[in-house]
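Novice: Sequence:
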Amino acid sequence: MPDISFDPVEAQRQLRSLVAHNQEQAAAHRASFPAFPADSAGRGFSGHAARLQEALERVHHSCAWRWNNLAATAGAAEQQFRALSNLDSRNGMSLDRVHSEREGGARGL
1 MPDISFDPVE
11 AQRQLRSLVA
21 HNQEQAAAHR
31 ASFPAFPADS
41 AGRGFSGHAA
51 RLQEALERVH
61 HSCAWRWNNL
71 AATAGAAEQQ
81 FRALSNLDSR
91 NGMSLDRVHS
101 EREGGARGL
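Quick note: our numbering has the sequence shown finishing at residue 109, numbered continuously throughout.
What the hints contain is simulated information worked out from the structure, not anything from laboratory work.
Positions of the beta carbon are idealized from the N, C-alpha and C atoms, including for glycine.
Be careful, since some hints might not be right.
As the list claims (entries may be wrong) - Using C-beta positions, here's what the derived DEER-type ranges look like: (1) Arg82 x Gly47: 36 to 42 Å; (2) Glu10 x Ala71: 38 to 44 Å; (3) His21 x Gly92: 30 to 36 Å; (4) Gln80 x Ser100: 27 to 33 Å; (5) Asp88 x Phe33: 42 to 48 Å; (6) His61 x Asp3: 20 to 26 Å; (7) Gly92 x Gln23: 32 to 38 Å; (8) Asp88 x Gln23: 26 to 32 Å; (9) Pro37 x Asn86: 53 to 59 Å.
With the hints as extra help, turn the sequences into a complete structure.
Specialist: Laid out in structure tokens, this is it:
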């Protein structure tokens, strides 16, 4: 099996950067709300304008939902990388201890 190599510190840094960028974009999204005034569609088309406004609001809400999901997913990925890094460190210390014992004259396994 080929070795798997990653830099957990860099992976976590990248994910934190993604979360920060996502927060900025989500804030900008929340700050602007779609508006399609009834008179924008022209005389006699206010019903169409209302339906367009409703559609724009649904799209806006859907985008907000996606921003929230991206934030949750990136946060969960960062936690997984942290857990993997901690496990890798503990396993490395165990292997170092076994190697030290063997080098120090302890009986081999």
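Novice: What hints, given by number in increasing order, does this structure fail?
Specialist: The structure conflicts with hints 1, 2, 6, although it agrees with all the remaining ones.
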